Amino acid sequence: MSGIFVVIEERQGRIGRISWEAVAAASVLARQTSAKVNAIVIGAQTEQFAAETAKRISGKVIRIEHSLLASYTCDGFSLALEQFIRAESPEFLVFPHTYQVRDYVPALAARFGRVLIGDVVGIEEGPTFTRQLMQGRLTGSYRASGAGPVFVSVQSGAFRADTAETVAAEASVFTPAIDSTQIRTKPGEPFRDSAQTVDLGSAQAIVAVGRGIREAENLGMIQELATALGAEVAASRPICDNGWLPIERQVGSSGQTVAPKLYLAVGISGAIQHLVGMKGSQCIVAVNKDPEAPIFEVAHYGIVGDLFEVIPALTEAVKAAHQ
Amino acid sequence: MKIIVAVKQVPERDAPVRVAASRQWIEEADLQFSMNESDAYALEEALQLKEKVGGEVVVISAGPERVATTIREALAKGADRAIHVECDDMAKRDALGVARLLAEAVRSENPDLVLTGLQSDDLGYGQTGVIMAELLSLPHASLILHVEKTDSGITVKRELEEGWFQNIELPTPAVLMIQSGGTKLRYATLMGIKRAKTKELRKVTAADLGIENEPVVTLESISLPQKQTSTQILQGTAKETAATLVEKLKFEVRVL
Chain A
1 MSGIFVVIEE RQGRIGRISW EAVAAASVLA RQTSAKVNAI VIGAQTEQFA AETAKRISGK
61 VIRIEHSLLA SYTCDGFSLA LEQFIRAESP EFLVFPHTYQ VRDYVPALAA RFGRVLIGDV
121 VGIEEGPTFT RQLMQGRLTG SYRASGAGPV FVSVQSGAFR ADTAETVAAE ASVFTPAIDS
181 TQIRTKPGEP FRDSAQTVDL GSAQAIVAVG RGIREAENLG MIQELATALG AEVAASRPIC
241 DNGWLPIERQ VGSSGQTVAP KLYLAVGISG AIQHLVGMKG SQCIVAVNKD PEAPIFEVAH
301 YGIVGDLFEV IPALTEAVKA AHQ
Chain B
1001 MKIIVAVKQV PERDAPVRVA ASRQWIEEAD LQFSMNESDA YALEEALQLK EKVGGEVVVI
1061 SAGPERVATT IREALAKGAD RAIHVECDDM AKRDALGVAR LLAEAVRSEN PDLVLTGLQS
1121 DDLGYGQTGV IMAELLSLPH ASLILHVEKT DSGITVKREL EEGWFQNIEL PTPAVLMIQS
1181 GGTKLRYATL MGIKRAKTKE LRKVTAADLG IENEPVVTLE SISLPQKQTS TQILQGTAKE
1241 TAATLVEKLK FEVRVL
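Here the protein sequences come in this chain order: A and B.
Going by my numbering, the first sequence opens with residue 1, and the numbers climb by one from there.
Going by my numbering, the second sequence opens with residue 1001, and the numbers climb by one from there.
I should point out that these hints are in silico values taken from the structure, not numbers from a laboratory.
Keep in mind the model is a prediction, meaning the values are calculated, not measured.
No incorrect hints appear here.
Derived lysine-lysine pairs resembling BS3-like cross-links, with alpha carbons at most 30 Å apart:
| # | chain 1 | residue 1 | chain 2 | residue 2 |
| --- | --- | --- | --- | --- |
| 1 | A | K289 | B | K1239 |
| 2 | B | K1197 | B | K1184 |
| 3 | B | K1050 | B | K1203 |
| 4 | B | K1002 | A | K186 |
| 5 | B | K1184 | B | K1199 |
| 6 | B | K1199 | B | K1052 |
| 7 | A | K36 | A | K60 |
| 8 | B | K1050 | A | K186 |
| 9 | B | K1239 | A | K261 |
| 10 | B | K1002 | B | K1199 |
| 11 | B | K1248 | A | K289 |
| 12 | A | K289 | B | K1184 |
| 13 | A | K261 | B | K1248 |
| 14 | B | K1184 | B | K1194 |
| 15 | B | K1250 | A | K289 |
| 16 | B | K1184 | A | K186 |
| 17 | A | K319 | B | K1250 |
| 18 | B | K1052 | A | K186 |
Take a look, some chain B residues computed to stay more than 12 Å from chain A by CB distance:
| # | residue |
| --- | --- |
| 19 | Q1048 |
| 20 | E1065 |
| 21 | D1080 |
| 22 | R1107 |
| 23 | K1149 |
| 24 | T1205 |
Using N, Cα and C, we set each Cβ at its ideal position, and we do this for glycine too.
With the sequences and hints as input, model every part of the structure.
Here it is, written out as structure tokens:
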């Protein structure tokens, strides 16, 4: 049982930052055990991604290649990695916590009688792994026990990706035995529901609204404040789920990622799915009645109070400042 | 179509969270509980499928005695019968441990579909459905917003990141993890609540199922999160805090 392996994720021809953050998390484990960080790329043609990855790690790159791995399926990826794990017996497998990883790694781990420690935000001596509970209102410390590989996935933004390039590591190809009859699902091409007409990514200021607004009828005051500020209106998932605002205004892991100069979060508790989409904003202001709401952990300025009093007062003050 | 829906009872969204003296879980004594949000969507999807193609919806929930209220709610909304897996140490079981309980409890039912929510609002592992599929040797798909029956199985609409979607075809039986927001949730009717009282609620225990609690991942301690940035809380009345904030926006953030 040895070695730390990061499973790199490629999406639409690119390796995203979250994969390099997983490499950074693996480096924390590597320092604890004086091991090197190895990486795995999976697909039908992995040469280019392997070359890109080789410059970012200290160990070796494994190219798990098979024509049936051209597009992601849970069955294909689980089988391929299962065979690699049985052959190599790695000690740690580190993944970026993406939708794809959530879809297959719990099943893969269960094949070895193991459990994925998912959505990890910190790694301490031990190792113990920190992850959030109760929608970010609590932190839990986890430890794996028993024999077998430890499966870990890391949350977007929790570890800082190292952009420095090293001497290219060596790469080798691992060819899994997969039969097309073993792949039970048929995935279709990705699509979007409608053309995006709002580009929240380029907005200087955003007023975002969450569950605290209670009723669709109350959205008017949010719009009024946004207009006064010259800001775009955005929302957390529940508001778009209810159909109160179009999904293209949703910020978070299932919506857009934004980093404006000002992000004013109104009645948003700050579940992690929302925070990952906005925590890079330059100035975050939170208005919430609950002083314990996780949004206050990322906010620079906070107002603890009733948004139905604070927002109209704020709109008036902003209008007055313009005059 | 026989559809099993696994639902979890979790603390109310805005319930006050206090760390218990053991530091291993929260104080539950004065908490209110409700059905986990994405599980409510899983139940709704199951009920709509049944209304379209016929069949039976069986709800299953693991947890202590209080879980019965959530099971009754599911029955009142239209589930036909229920299985309660009695278990007092849910927070001490890892995702595999919980999935084992549920998988063994539904195995003999031979369902066409097993639906779960995407993720629980308390522990948030988001793995139960995927592991159940593995234990039951069934294909699965996660983050599902919509399910359509076809001649050979089902077609599902899966959410990808950043506003993208994908359709996936699966044979049945299959396991699906349902994302919130794919449809509108129904309320229980008075008639539904009345009928729920006469519906079958079968109880099983972990011991009946022959499952020990042998976690391979343990939650060692919980704590309140440490603040990452120093938040400056603005004090005063609504008018005063608004005035202070406008000053900050004008002279520090420079967006006004």
